[in-house]
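*Asks:* Each chain is listed here by its residues.
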Amino acid sequence: LIHFYKRILIKMSEKDELHNKTLETIEHVQKFAEIFYRKLDEDRHSVGNLYLDTATLTWNGNNLEGGENIKSFLLQKLPKTDHNLLCLDGQNLPAQAVGEQTTILITASGTVRYDKKSSVPFQQNFLITEKDMKWRIAVDNFRSQ
Amino acid sequence: ITMEATTPPHVPVNSELTEKIKTEMSRRYNVEKKALNLNAFHKSFAGEEMYAPLWRSNVFCKVVEVIIENIPDVQAIDLSNNKLLNVDPLNADFRRKVTDLRILYLKENRVANISYMEKLKGLNLTELNCSGNPFKDRLGSAYTDRIRSIFPNLQTLDDKPMPKKIGFDEDSSPTSNSLPVTQSKFAKSSEAEALVLQFMEQYFKLYDSDNRQPLLDAYDENAVMSMSCFGGRDSMKDYIEDSRNFLKIYHENRKVRLLQTGRLPIVSFLTKLPKSTHDPTTFTLDLSFTSSTFMMFTVTGMFKEREGSEKRVRHFNRCFLVVPRGSGFCIVNETLFITDPTSENCRKFQTTSSMESLKNASSSAQQATTSQEVDQATQRTLATAFSELTGMNLTWSAQALSENQWNYDRATTMFQQAKEAGKIPAEAFVK
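Protein chains in written order, with the working numbering: chain A, -11 to 133; chain B, 2 to 432.
Some clues are possibly wrong.
Claimed, not checked - Below, in silico cross-link-like pairs of lysine-lysine (DSSO-like), each with a Cα-Cα straight-line distance of 30 Å or less:
hint, chain 1, residue 1, chain 2, residue 2
1, B, Lys249, A, Lys27
2, B, Lys108, A, Lys105
3, A, Lys65, B, Lys238
4, B, Lys249, A, Lys(-6)
5, B, Lys161, B, Lys238
6, A, Lys104, B, Lys161
Said to hold, decoys possible - Now the in silico label distances, taken between C-beta atoms and shown as ranges:
hint, chain 1, residue 1, chain 2, residue 2, range
7, A, Leu(-11), B, Gly327, 39 to 45 Å
8, A, Leu63, B, Ala36, 27 to 33 Å
9, A, Glu2, B, Asn394, 43 to 49 Å
FYI, nobody ran anything at the bench for these hints, they're computed from the structure. In this text, a Cβ means the ideal position worked out from N, Cα and C, and glycines have one as well.
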């Protein structure tokens, strides 16, 4: 009987663990989104450093491989932006996919204005992962609606 | 006796002529390359009752109207050999709505003055050809500089690369003109792309049916999935209760609860959402990450609700994270975002359509890999996928693929054509 109760307690603590892990993930997602869009709009030169050297950015189907190409795109091709984030969701990836490399999937949506023209709705999906105790972007997928 | 040419009779463009023009334009439009060939347009009507030469401004205007309405994403237009005196119909309205136009051929026309070309300022061309127009000779050596001042991003002029000019970077900051043209599809690898397209076809077929239960097979036992939405409160009635939008939910525990965990709860949740019909012609696909342990791809597009309180058309963004399972894969993470479509989105929505346009869309990865040899393991994977798609047995599937250099998209097109022509024998489908 003790064995039975032990199993229930373990299951409950597993559930607790999962609950807390999810809460942690949510916090990371919210923080990331706030930092990313603020830098993109107000401090464009610093955004490139949020990406891994091996990161990949797909902008409306156009692919940019590697930190250098991404930085170049962000500084030379992407005009001044003004993002308005309206929706944010995120999930943790399982070990089955990423092993010990903690990785989070983020889906963000909102509207963006380029050079003061009218705003366009967009959706963006990210994979962020930990490197040297900092979150870095591994995959960035942007689509104008 | 003297002769004088009279002005040609004014023939209005009625609905019958409009239909003929549309048909002819559709014949001359290359969907894959987004290129419209209007070279010597009048020749298509030679010897017929209805004559639609492009040099008649009402015909030219009608053609422009058809472009704006049907193919506003056109990237290249050839207007050569049309005796054009000007290109006025390519007006401000045209330039505002047809923003992807990069290539324009105006060879062998009758544009007499560069001021007619100046009216095109704002058209973000990278390639232009004006040879055979009187204004070119008239300008002599000033031609290149004048053209450059109208089209600053031009790279090729009259089939020659634009000569570089040293100048000052007065305003070097990027504008929306420096943004790349939208591509409807990107895939890291074309082999993975074939598998993903097949997966999408099956997934959306099941999702659009009356029973979503079979989707259980698509998910890993421990998969997680969440839905978020944004829109008017009335419009999103069927979704707002379960919308996992961190920016709108106050209680942390609710954010945790709304994560659908495990494939039974996920499919049970999906079954609750309004029944749908997706329109694959509105789809975009980004297969942005592949590795031996997982792939990530995002589909966006539109669907119509077949029931539910509103029966509206919606725009969605769906991100799938899949891991290998058996000879295929299954979903471990999924985010689904739903919102109202823009009026532009709505224009493109159709009710019956197939995945053909997405399959045939050129992907930047394809151009690099077409000449590579396809290894045996990949051949087997492609043959299996093709067999499931067409219903043919593995031998015939492999043969069909082999005949098309293992180009999955081409083999699919060839198969459709052969099937419609009744050229495929019954034995091909015997397993």
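*Asks:* Identify every previously stated hint that the structure contradicts and give their numbers, smallest first.
*Replies:* 2, 3, 4, 5 and 6
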